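Peer 1: One-letter residues, chain by chain:
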Amino acid sequence: MNEGTERGLGRPLAGEGAPPVPSGTLLLLPTWGLFARELLRFVRQPGRVLGSLGTPLLFWLLLGSGFGKTFQPPGLAHGMDYLTYFFPGTVLLVVLFTAIFASISVIQDRTEGFLQGVLVAPVPRLAIVLGKVLGGATLGFGQGLIMLLLAPLAGLTPTLPGFLGACGALFLVSLSLSALGFLFAWRMDSVQSFHAVMNLLLMPMWLLSGAFFSAAGASWWIRAVMDANPLSYGLTALRGALHPAAERAALGVGDPWVAAGVVAAFSVAMLLGAAWVAARPERG
Amino acid sequence: MSMPRSASAAPPVAPAGVAPRPAPLREGRPPGVQVEGLTLRYGDRIALGAVSFEVGAGELFALLGPNGSGKSTLLRILSTLLRPSAGRALVDGVDVTAHPAAARHRLGVVFQAPSVDGRLSVAENLRFQGYLYGLSGRALTARIDALLERFALGERRRDRAGTLSGGLRRRVELAKALLHRPRVLLLDEPSTGLDLPSRQAFWQTLDELRAENALTVIVATHLMDEGERCGRVALLDRGQLVALDTPGALKQGLGDTVLTLEAPDPPRLLALLAERMGLQGVVQDGVVRVRGPVDPALAARLLQELPADISALRLGRPTLGDVFLVRTGHAMAADSSGDRTAESTPGETP
Chain A
50 MNEGTERGLG
60 RPLAGEGAPP
70 VPSGTLLLLP
80 TWGLFARELL
90 RFVRQPGRVL
100 GSLGTPLLFW
110 LLLGSGFGKT
120 FQPPGLAHGM
130 DYLTYFFPGT
140 VLLVVLFTAI
150 FASISVIQDR
160 TEGFLQGVLV
170 APVPRLAIVL
180 GKVLGGATLG
190 FGQGLIMLLL
200 APLAGLTPTL
210 PGFLGACGAL
220 FLVSLSLSAL
230 GFLFAWRMDS
240 VQSFHAVMNL
250 LLMPMWLLSG
260 AFFSAAGASW
270 WIRAVMDANP
280 LSYGLTALRG
290 ALHPAAERAA
300 LGVGDPWVAA
310 GVVAAFSVAM
320 LLGAAWVAAR
330 PERG
Chain B
794 MSMPRSASAA
804 PPVAPAGVAP
814 RPAPLREGRP
824 PGVQVEGLTL
834 RYGDRIALGA
844 VSFEVGAGEL
854 FALLGPNGSG
864 KSTLLRILST
874 LLRPSAGRAL
884 VDGVDVTAHP
894 AAARHRLGVV
904 FQAPSVDGRL
914 SVAENLRFQG
924 YLYGLSGRAL
934 TARIDALLER
944 FALGERRRDR
954 AGTLSGGLRR
964 RVELAKALLH
974 RPRVLLLDEP
984 STGLDLPSRQ
994 AFWQTLDELR
1004 AENALTVIVA
1014 THLMDEGERC
1024 GRVALLDRGQ
1034 LVALDTPGAL
1044 KQGLGDTVLT
1054 LEAPDPPRLL
1064 ALLAERMGLQ
1074 GVVQDGVVRV
1084 RGPVDPALAA
1094 RLLQELPADI
1104 SALRLGRPTL
1114 GDVFLVRTGH
1124 AMAADSSGDR
1134 TAESTPGETP
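Protein sequence lines correspond, in order, to chains A and B. First residue of the first sequence: 50, per the working numbering; consecutive thereafter. First residue of the second sequence: 794, per the working numbering; consecutive thereafter.
Since the hints were made in silico from the structure, they are not lab data. Quick caveat, the model's predicted, so the values are computed rather than measured. Positions of the beta carbon are idealized from the N, C-alpha and C atoms, including for glycine. Hints are not guaranteed to be accurate.
Label-pair restraints from in silico Cβ distances [stated by the list, open to error]: (1) Thr-956(B) <-> Leu-250(A): 29 to 39 Å; (2) Leu-76(A) <-> Asp-888(B): 18 to 28 Å; (3) Gly-115(A) <-> Arg-912(B): 33 to 43 Å.
Whole structure, please, built from the sequences with the hints as guidance.
Peer 2: This is how it looks when you write it as structure tokens:
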């Protein structure tokens, strides 16, 4: 009864007149397209701008002012306001929030069907990774930069090299968090499950980065976790660029260049990880 | 059993205003799609069991079957999203597993789930789609303009895609899929979420496109009337190809009429039909459908012979749904588990 089986066997399967195969996959143009789309989508969603910038700003004002001088983490320079201490961590939080929203967009692309359209295009998976991750990193950097411009309000007045160094640190942190988010979000098909990742991994990473309290007064195992936390190095690099030398010494901030190197290595590792998960075949 | 395409019987019913045309044959071109022994297994479950067929260049071809019949799986393999466990599939002569990138250049896909980005304008959606296929600059702009004009979307080009009606958004999907001039267009349940006028318009557009461009179109659908519109139909059930021919030829074996009987006790009627009249049928959705060619005169006889057991009787033209029923023993509308279908075989009468 299977007519279809008979049909098609008579002819050679590779047609003689098969046209020349077009030039395989393309990398740059699709990457640019996916990158530009990220930025365009971002500015079309004012809620995202508000959420990733407003929430950390509010945290900083409320927590910073609330703790005021009653909460003095050990190692805090005498006379340094907690608002000043907390500021670099707040900048990191802005970047983290932006990276989280960018990762959620990876899941939305999948659930809304956009991703399927990209997967059937002659686009290497690497272009998807680069477009999304660089898009997320640029947004995180941009938002962090806006926050950074508020540094004088927190009593931080970096030199020009310090400011440029802070920008560099900010971009590296954005890149690593954006790639980390992609790594987790790629396989997920619901935003809800990403919240678990956020609460169990990303927020603790931030809390244990030294943004909130310094490692000096913490128990030994927390110190060990903080030492292993890549975001701690991001914060060290940022503090190194923002705080004047006296405050750096008082806070016991490590070498910012070494810290920046650690974050750069972490970014590369996360990018490779993201490229690896994306290159694996899709499940049915 | 298979008949050559050129000798195929009744052409598909074309919508009003569009003359039915034979599929344009392109000299020296490979078939639009070739599928040979295509199989997909998930562990013990066979989603697709050694399916083979060929679709000519420029043909309008339907994969018709209920949910779980394997039609979407087949479409996902053709669109390079899934790798088959065995067998191979060629799109315009290119093996989709061996050369996915080359196959993707030749394919346009419209998925059931919309791929249009609602936050971008219609033109932006097309522009980003062009980048994915290596199109840019003036060539891309000209192509976008042409497609927007072709699909009467010019006035909406700056509108966010999210603000368009379902029918218009489907047109943007179609424009997106055609932007890079694919040779083969794959459509998965194209009517999902469309009202009747939008569906009609969508199909009319498809017919015109095919006539203009000799585009091979494969439609996966569970809707009988969409199958009827196609040049040839592959009936799929539980991962198997159960029949393949033109809608006319598929229905030919069923005669001119199909008999459906309503009854107070359908299984009892089914047994009586087999016992007294030698007729076979199935109970489907609470009614008895009699198998095989039916002589209209038989209807009157049935009412006389079984007055208490038949409450209503209907004679109708066979549909592809009837073909499916006859070939598989269960109904298209029911899910493929076939729980609601009771079949009568002569030996089983109580």
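Peer 1: Does the structure break any of the earlier hints, and which numbers would those be?
Peer 2: When the structure is compared with the hints, none of them turns out to be violated.
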